[in-house]
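Student: For reference, the chains in residue letters:
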Amino acid sequence: MHNILANLVSVEWIIYIASFGLILTGLFIVFTDKNLIKIIIGLDMAETGVNILIVAAGYIKGNTAPIFSKASLTPAQMTDPVPQALVLTSIVIGFGVTALALALVVRLYQKTGSLDVSKIRGLKW
Amino acid sequence: MMQYLFLLLVLIMLGSAVSIIFIKDLLSAVIVVTVVSLVASILFLFIAAPDVAITEASIGAALTTVIFVIAISRTRKKIDKQD
Amino acid sequence: MRKIVGLLLIFGFGFYLVTIIGPVVFPSSTGEKASVGVEVLKNEVAEVGAANTVTSVVVLYRGFDTLGEVTVLFLAALGLTLLMKGEKHLQAKLFDESFILKTGSYLLFPFMILFGMYIIVHGHLTPGGGFPGGVIIATGYFIIVMTSDVVRLREGLVSFLEGLAGLTFIGLGLVGLFKPADSFLFNFLSKGTFNTLLSAGIIPFIYAAIGIKVGSELTGAVGNMFFSPYGRQKDA
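Residue numbers (the working numbering), protein chains in the order written: chain S, 605 to 729; chain D, 484 to 566; chain P, 5 to 240.
Derived by calculation from the structure, the hints in this document are not laboratory data. Watch out, some of these pointers could steer you wrong.
[Stated by the list, open to error] Derived DSSO-like pairs: lysine-lysine, alpha-carbon spacing no greater than 30 Å straight-line: (1) K638(S) / K89(P); (2) K723(S) / K507(D); (3) K7(P) / K723(S); (4) K46(P) / K195(P); (5) K674(S) / K195(P); (6) K638(S) / K507(D); (7) K715(S) / K638(S); (8) K507(D) / K7(P); (9) K89(P) / K715(S); (10) K7(P) / K638(S); (11) K46(P) / K674(S); (12) K715(S) / K7(P); (13) K89(P) / K106(P); (14) K665(S) / K46(P); (15) K723(S) / K638(S); (16) K723(S) / K89(P); (17) K507(D) / K715(S).
[Unchecked claim] A few chain S positions that, by computed beta-carbon distances, are all more than 12 Å from chain D: (18) K674; (19) A675; (20) S676; (21) T678; (22) S722.
[What the hints assert, rightly or not] One side only, chain S facing chain D, incomplete, derived with CB under 7 Å: (23) V613; (24) V615; (25) L626; (26) I641; (27) I645; (28) Y663; (29) T668.
Glycine residues also receive a C-beta, built at the ideal position from the N, C-alpha and C atoms.
Generate the whole structure from the sequences, applying the supplied hints.
Tutor: Here it is, written out as structure tokens:
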């Protein structure tokens, strides 16, 4: 019991809880909300959660950022740079996806005059 | 001691994330999702990923808000002030 | 009803995340990196010579992937432009601009451009690089364009810059094919002194090209959305 509590307050567990919480909350908004812009907000949040998860996969407690800013730093003291590079790509692409989705929503609003998914078509219950 | 700071940040982030479910006003929801992005950027900085932190702060917190606000202003039912 | 089904789905997916993904990506307890990361950190200084390891991974080790990413971003911007561009311009009036807001944005604009350029140029030494720097430049442009009626998007200049930057990226990559290494995006320039501005071969030039491309692309895309005639029904 004490072990579980000590784990829960450790940095790694807190980051994982944050990422899982963001993913699940974002997906909940996508599943249940009827407003199209709210759905895109949920997608955006879930994507932030996934990014935190990937970066946390390369995190090692006590290590520094993978930048050789001082000559005394050795590679053993650094975190993994590859997940960070992946997430850098993912964030920029996520913005492109969000922008395209919002453009589609604006055109859909002009066609139908509503942002409500169930009014636009009987897709959701 | 560091983990309690983390806990505080994560509580702020998850609290804002859950509150988006209950917020009806779209503009407020966008501002709250900006808060989520900003706290996520601070988290990235603390888990030794400054590159990701600066990208998340500039894209997630700034430009995403801009494009959401433009989209909301184009999908409002009526214009408040006619001039 | 909708919320209950949503909650059930979330619980199911959360259970999946915790049980399946949780044990897989918990390396921080053991303190071991993945072998790719270890190799990159060990050989990066000798092979590439950039102080920022993330930049060398983004631009050189996974450079082809970055080219694909820039292409995806270009396609997203193209789709947005096709959806939102119209004949007559209609500015989305977000708020009544006040004198303080206008003057403040005029004051802020050059500093934001300068800061974006600094972030781009120092991408191989400090955190940052082409992607965040380009986005900062685009944001600076939008701060000024949202508060003033005078400033307009010069679309010709923006697309010219974007095409030029993309050509620079691909051209620098293609030059590597003619050198002895025979590989796309080969680092053919000399590495220079470690931790100075002109070091790490072609990385600063490629990241500058990426920064200009991302900045002009996002400026063009969001500008097309901002000045688009679509949305907001006429009989409102």
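Student: Taking the hints in turn, state whether each one holds.
Tutor: Here's how the hints hold up against the structure:
no. : hint              : verdict
1   : K638(S) / K89(P)  : 27 Å, holds
2   : K723(S) / K507(D) : 17 Å, holds
3   : K7(P) / K723(S)   : 18 Å, holds
4   : K46(P) / K195(P)  : 17 Å, holds
5   : K674(S) / K195(P) : 18 Å, holds
6   : K638(S) / K507(D) : 11 Å, holds
7   : K715(S) / K638(S) : 18 Å, holds
8   : K507(D) / K7(P)   : 16 Å, holds
9   : K89(P) / K715(S)  : 16 Å, holds
10  : K7(P) / K638(S)   : 11 Å, holds
11  : K46(P) / K674(S)  : 15 Å, holds
12  : K715(S) / K7(P)   : 29 Å, holds
13  : K89(P) / K106(P)  : 27 Å, holds
14  : K665(S) / K46(P)  : 19 Å, holds
15  : K723(S) / K638(S) : 9 Å, holds
16  : K723(S) / K89(P)  : 26 Å, holds
17  : K507(D) / K715(S) : 23 Å, holds
18  : K674              : 15 Å, holds
19  : A675              : 19 Å, holds
20  : S676              : 17 Å, holds
21  : T678              : 15 Å, holds
22  : S722              : 16 Å, holds
23  : V613              : 5 Å, holds
24  : V615              : 5 Å, holds
25  : L626              : 6 Å, holds
26  : I641              : 5 Å, holds
27  : I645              : 5 Å, holds
28  : Y663              : 5 Å, holds
29  : T668              : 6 Å, holds
In summary, this structure violates none of the numbered hints.
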